[in-house]
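Visitor: Sequence:
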Amino acid sequence: MRRVNGTALILAALVATVGALAFPIWSYASRSGTGQANLNAATVATQWGPLSAADRDFVVRVRLAGLWEIPAGQQAMERAPTKAIRDAGDHLVVGHTDLDQRVRSVAEKLGVELPNQPNAQQQGWLKELTAASGKDYERKFANLLRDAHGKVFALLAQIRHTTRNSLVRELATDANQTVLDHITMLENTGDVDFDAIANEAANSATASPTGPPPPNGQAPDTPDPARPTGSPDATSRPSAETTQDQGRTINTDRPAPTS
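With the numbering used here applied, the sequence shown corresponds to residues 1059 to 1317, in that order.
Treat the hints with care, since some could be wrong.
[What the hints assert, rightly or not] Listed below are the simulated DSBU-like cross-link pairs for lysine-lysine, each with C-alpha atoms no more than 35 Å apart in a straight line:
#1 Lys1185 <-> Lys1141
#2 Lys1185 <-> Lys1167
#3 Lys1193 <-> Lys1141
Simulated from the structure, these hints should not be mistaken for lab results. Keep in mind it's a predicted model, so treat the numbers as computed, not measured.
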């Protein structure tokens, strides 16, 4: 009898142990603070698929992008001394006007409330452009807008990759095409400071670069202390957080994630 009781106790202890180990795995997805729980808590159902907080933020950013890039493009068409800048401005106006119509339609269907004016950061960029003239204006225009559009690529890719909502996915696809067109036009001006863009990205990186060694055993380039790097406008460029607004779909510019 004692042997039977002892065996039963051992088996009960084993079952309890296995259950204790397995329960955290089964329940992890529904725990508060986990990625799955956060996604579910901020997601609402729509006839076009689940709509997450990130989806809604993206829609707002697209709207914000147009609110400052359309007037920036109109200003460039009127004030820029060179055809390349005027052409870039024209593409901004045409692209964002079309994208703005799309985003307003999507937002209405999904019940997302949209802003009606640029955010404070975007208004600051417009004031900065208004105060500039001549070549200084052209450099600021090309670099402010190119930097913002470039940063929006990451957001577009993330939303396009992860959204489960078909309307948001279509909007991200359209925005991506618009952003690429605008980037191309801005780079064609010849005023984009690629060194400043690369340095800014490197300074914000959190991990060491990896990859194959330089070709033919060459040593990595060593910066020349006597050679200035970066553009005079680098400090006023959109921050990484800002990006999220730029581009066709992301031309939005919130203090941190808008462009």
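Visitor: Run every hint past the structure and note whether it holds.
Guide: How the hints compare with the structure:
1. Lys1185 <-> Lys1141: holds, 22 Å
2. Lys1185 <-> Lys1167: holds, 34 Å
3. Lys1193 <-> Lys1141: Since the Cα atoms of Lys1193 and Lys1141 sit roughly 13 Å apart, the hinted pair holds (cutoff 35 Å).
The structure agrees with every numbered hint stated previously.
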